[in-house]
Amino acid sequence: MHSILAVDDSASMRQMVSFTLKNAGFNVVDAVDGQDAWEKASKADFDLVLTDQNMPRMDGIGLTKKLRETPKFKNTPILILTTESSDQMKQAGRAAGATGWLVKPFDPAKLVEVIGKVIR
Amino acid sequence: MQLQDTSAPPPGSALPIWAAVELQDHLLVAGNDLDRLQRLLSDASEALLAHFYGANQALQPLLRDGAKDAGDGAAHAGSATAASHPQALQQALAHLAGAITAMQFQDMASQLVAHTGQRLRSCADRIARDTFADDEDEAVVEAPPLRPNPVTQDEMDAGSVELF
Numbered sequence: 001m002h003s004i005l006a007v008d009d010s011a012s013m014r015q016m017v018s019f020t021l022k023n024a025g026f027n028v029v030d031a032v033d034g035q036d037a038w039e040k041a042s043k044a045d046f047d048l049v050l051t052d053q054n055m056p057r058m059d060g061i062g063l064t065k066k067l068r069e070t071p072k073f074k075n076t077p078i079l080i081l082t083t084e085s086s087d088q089m090k091q092a093g094r095a096a097g098a099t100g101w102l103v104k105p106f107d108p109a110k111l112v113e114v115i116g117k118v119i120r
Numbered sequence: 001m002q003l004q005d006t007s008a009p010p011p012g013s014a015l016p017i018w019a020a021v022e023l024q025d026h027l028l029v030a031g032n033d034l035d036r037l038q039r040l041l042s043d044a045s046e047a048l049l050a051h052f053y054g055a056n057q058a059l060q061p062l063l064r065d066g067a068k069d070a071g072d073g074a075a076h077a078g079s080a081t082a083a084s085h086p087q088a089l090q091q092a093l094a095h096l097a098g099a100i101t102a103m104q105f106q107d108m109a110s111q112l113v114a115h116t117g118q119r120l121r122s123c124a125d126r127i128a129r130d131t132f133a134d135d136e137d138e139a140v141v142e143a144p145p146l147r148p149n150p151v152t153q154d155e156m157d158a159g160s161v162e163l164f
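The listed protein sequences derive, respectively, from chains A and B. The first sequence lines up with residues 1 to 120 when you count with this note's numbering. The second sequence lines up with residues 1 to 164 when you count with this note's numbering.
None of these hints come from the bench; they were simulated from the model. This one's a predicted model, so the numbers in the text were calculated from it and none came from an experiment. Yeah, the Cβ is synthetic: ideal placement off N, Cα and C, and Gly gets one too. Do not take every clue at face value.
Simulated coverage check for chain B against chain A, where a stretch passes if three residues somewhere in it have a Cβ under 8 angstroms from a Cβ of chain A [stated by the list, open to error]: (1) 93-101; (2) 105-117; (3) 156-164.
Please model the entire structure based on the sequences and the hints provided.
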């Protein structure tokens, strides 16, 4: 079973993402912000990281940069799921090493489809 | 006793004191109302999520029974098993899945409200500093948001997907 690290500072978003991904057969670990995700990623392996952008302590782009500096996450798909939709932010995400940019709100079927495309 | 002329702006301020007081009061009330809106949204979201999970859990045994009945070939005429109503059950599940997109409103609305609240508090603080403070260095002014509001959506249609 693939394991996904889902990061969002909104409790309702974490629940919606977990519900969708667990129903699709994934194992899901939650993190409340980038720092929490970084600590969890240091202790376990994940097949994909799905992260929000705007969060306290560490944002999604900051998390992506840190993960990409870590050998075990060098090739792990990282998707940023955020309300942000500006080209400038997308380019920053791309430059940080993100695999894709998803704008909220997400459609459950589409999210599962995209994850299926990029997960290893 | 000499009374202060409140119709004239204090030195260095463009607003008369009474107008600044009134404006600051409106901004603070609006900020407090936004805080209350934030709590209402959060409470509504929690209740919706609880009902959402409740409905989903209630449907799961029907799904399992339906699969079992279909496997046993036991969907008798007249019995109200899930196997006898597979379409209704699938429709109910599709409705629940469809609700997930709309139920993300709390996160988006919360960010929008927080951003706007910060802007209002910054304006109120600045009016206070410019109109009332004797010493600008001592006045604490909340900084305005550095970036435009991150939430630009005005409807709950699913957002775009871009793979790099």
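Structure-based check of each hint:
With 3 residues having a Cβ less than 8 angstroms from any Cβ of chain A, the stretch 93-101 of chain B passes the three-residue criterion, so the hint holds. Against chain A, the stretch 105-117 of chain B contributes 6 residues with a C-beta closer than 8 angstroms to a partner C-beta. That satisfies the three-residue criterion, and the hint holds. Under a criterion of three residues with beta carbons nearer than 8 angstroms to beta carbons of chain A, the stated coverage of the stretch 156-164 of chain B is upheld, 9 such residues being counted.
Consistency with the previously given hints is maintained throughout, with no hint failing.
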